[in-house]
Structures are given as structure tokens and as C-alpha cells.
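Respectively, the protein sequence lines represent chains L and V.
The first sequence lines up with residues 1344 to 1529 when you count with the working numbering.
The second sequence lines up with residues 58 to 333 when you count with the working numbering.
What the hints contain is simulated information worked out from the structure, not anything from laboratory work.
Treat the hints with caution; some may be incorrect.
[To be verified] Derived DSSO-like pairs: lysine-lysine, alpha-carbon spacing no greater than 30 Å straight-line:
id: 1; chain 1: V; residue 1: Lys62; chain 2: L; residue 2: Lys1480
id: 2; chain 1: L; residue 1: Lys1500; chain 2: V; residue 2: Lys238
id: 3; chain 1: L; residue 1: Lys1511; chain 2: V; residue 2: Lys63
id: 4; chain 1: V; residue 1: Lys320; chain 2: V; residue 2: Lys181
id: 5; chain 1: V; residue 1: Lys181; chain 2: V; residue 2: Lys238
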Amino acid sequence: MAKKYVIIGGSAGSFQSITEILSELPKNYEQSVFLCLHRLKHVRTGFVEALSIKSKLSISEPVDKEYLRQGQVYLAPANYHMYFELGNLFSLSTETAVNHSRPSIDLSFESAAYLFKDKLTAVLLSGANRDGAYGMKMVNQYGGTTIIQDPEECQVKTMTTAAAAITKIDHILTLKEIINHLKKLQ
Amino acid sequence: MTRVKKIRISEYRELIKLVNTLYNIDLSDHAATSLKRRIENFMVISTTFTIENLLTKIERSHDFFEDFLYNLTIPATELFRDGEAWLSLKNNVLSRLSKQEKIKIWLPESSSGEELYSLLVVLKEAELLDRCKIVVSSITEKNINEIKTGSLVIRKLAVSESNYQRYRGIDSLSSYYQLNKKNATLNKDLLEKIEFKKHYIYDKVEPFGFFDIIIFRNRMLYYNKELQNRVLDNINSSMNKGSFLFIGVQESLVYWQHADKMKKLTKSENIFRKQK
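Using the sequences provided together with the hints, build the complete structure.
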């Protein structure tokens, strides 16, 4: 079976949803999962540990030029942008913040869209700014699948509605439905 | 975010080839995603807009090329980024060197002043500044001239101050700079004895000395593994046994062919010591 990739973006109000997704993905999940979440830039440790509590999959923050593996969850490190390069490896960057964010969801999504094309599923969750909207547009343009959490269910819906305003969203789903969708990628 | 016209891979390669042919600077081993993006951004700020225009201007004007190169460099994000790492430098490195008569420090590939200025504050507080010989090198004159001014970006000061607190500085960061209405400048006395060098680190180069500490944080992020290897070889040839190398928290030496030469000092921070 062809390898698939899942990228999830979130900001204010998304932590609970991320934890729930991670707790539901099975231990033998075969896809690579990338998390690009807005986080405190000076707090380097603790986030992976917090996310790991309920996750059946192993979670790590990639080191620059690390090869990405299937069945692993990767969290964009604090104060770095996270890119994906040909040869299936990570590249980190300290370039200027985009949408006041580093990591920026737009940059990670665009880079993933370009590299993984139709093998990519991109999910945007709750958030209070517009980061991720342009990234979703790129995912759509390169043939990936776009999913937003139903804005009515988001704690803060700015992010998901901003994405829906500028690009075609393939699926608008509740958290439960998102989880089912991601499980079916198996 | 400005919507930028994307360049094609073939155009990107053509540009890199031209730069190499005309100016003997090889950008082919730079991490492609971010370099491509910076080229696209430069096409907007320089109002060249098309790859044809960009190629023509690079071909015609050396000044334009310098400006291009300057705009490809990535400024450091803030002062005292990863404050705990600076604290570790102070406690685990400077404490070991404090008996030396002279301490030589090199900051290769500096594209902005934040790393240097942070270092100067650390050395001042450790009362070692007078004994240090610091060399700062950069790929363009423009970067060097900017670093020399000691000017600080005002919007980065708040986060820099909180980083400084995490480094557990003995004062307040604001006591090291002058804040005016429109700008902030590092105190002049700190910058008195720095040696600046225009230096190209991507090829095998003659080392210009041996250093006790080399500060090279978040620079290798923009190289592919081959270039990381070449640059680390260059850096290694400027280190003595016992010298220290300070790299970014998410960087690694594992892809370097001579990684066994270095030993990590502490578990949490990326400071290495040359063993052989």
C-alpha cells in the first residue's frame, strides 16, 4: 500500500482535540503524522510529554535533516519552522515568523503539499488567527485532501473559517468524524 | 502574507548555476525549500518579479548580487535565544576556560548581531570580555556593517529580555543597550575589540586560526547533509583538542562523518567538546 501522510494544524483551543485524535489512532498506525501547533516559543520541553500521555504512537520533535518514518508522530519544535525536503527528511528553519507564528502552519502545510501531493491529508483545527488558510489552499492545489474541523465545534473558529473562505475544503467534519477519517487511511 | 510567484525547479537550478559561474559561490547544497522561498521573497522586495529579470540583474551588477546574497541570509531570531543554552555555555564552558590568559572565539556565518551581542553580555558578566579575542565572519560586507552598528530590533526586545532572564543574567538586558525613540543600540564599549572578516565557509578553506569556542547555532539548518559535512570539516580544522562547539538545540552532528571527534557536554544542551 502506498504511504500516506497526515498533517494537522491547530492553535488556540486545539490541544484537547489533538490529544483526543492521538488517543484514538491505533498502535499499528502506518502513516506519518505531523503536528504543527502554535506554542510558547521559549518553552522547549514538556509539550511532547503532555501529548504522549494518551497517545499510543510515539511522538518526537524532529532534529534538522532527520529522516521521517511511518507510524511516528512529529511535533514542530518551539521557535522553528518545520519543512519537508526531497529524500523524505525534515528541514528546520529560524526564518522570520509568518502570521506572527513560528512554527507557521502555512509554511509546513505548503512544504508538505509540495512534497507529498495526493498522498497528503491536511487537517485544520481550532485557532484564533489565519495561519493555515494559505497552507490549505496549497494542499488543495497540489492534490491533497483538505479537512477542517466543523467551525461550530471549534473553540475558536477564526482559523477554520479563514481556510474555508479562500479554498475548497473537501470535508468539514466533527472531531469524531475526523478521527474516523484518519483511521480509515490505514 | 504576500502571495509570491513560485519559481520552477528548473529555474531555481538555472539561477544557482549562474551564481556559481559568475561569482564562484555554490548554493547548490543549501536546503532547497527555504532557499527557494527566500529567492521568491527577494524577487518581490527587489521588484524583479520574474526569473528572467533576476538572472539579468545578477549578471549585470555585482552590487545587485551582493544585495541578493544579503537577502538570502537569515537573521538570528532574538537575543539569548534558548537562554538555558547560554547558561550552560557560561557554567560548563567559560568556567573551564577562565584560567586561560586568552580565549579565542569565532562566530562563523553571522548574518545578524544577536548571537554576538548575547555572547558579549555573557562575557562581560563573567568578567572575561577583556581576555577574549572574538572573530565574526559573514558572507557579505553588508551583514558585517550591520552587525558593527550594534543596532537592535525593538520588537524583539521583550522576548530577548525574557530569554535573558532564563539565562539568569545578573542585571537586566536593558542595561546593555540604549533605547531611543526609533531604535535601540548595544552599548558601544561592548563592541570595541571585535574582528570582522568576510568569509566564505562552503568550500575547503585555509583556517584562519584556532579557536577555543565556536558558536554556530542554527546555521546548518540551511544546508543539506553534504554541505553540513564540508562546513563541519572546516570548523573542525579551526578547533584544538578540548575546544568547544555550540550548535542550535534542534541541530545535530550525527550526519557528520567525523562526529566521533566530538563529545556532548550535557544532556540537554548542544555544546560539544573536541576529543581528538
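Each hint, compared with the structure:
1. V:Lys62 to L:Lys1480: Distance ~15 Å between Lys62 (chain V) and Lys1480 (chain L) Cα, so the pair holds.
2. L:Lys1500 to V:Lys238: Measuring from Cα to Cα gives roughly 38 Å; hence the hint is violated.
3. L:Lys1511 to V:Lys63: Holds. Lys1511 (chain L) to Lys63 (chain V) sits at ~21 Å (cutoff 30 Å).
4. V:Lys320 to V:Lys181: holds (27 Å)
5. V:Lys181 to V:Lys238: Distance ~26 Å between Lys181 (chain V) and Lys238 (chain V) Cα, so the pair holds.
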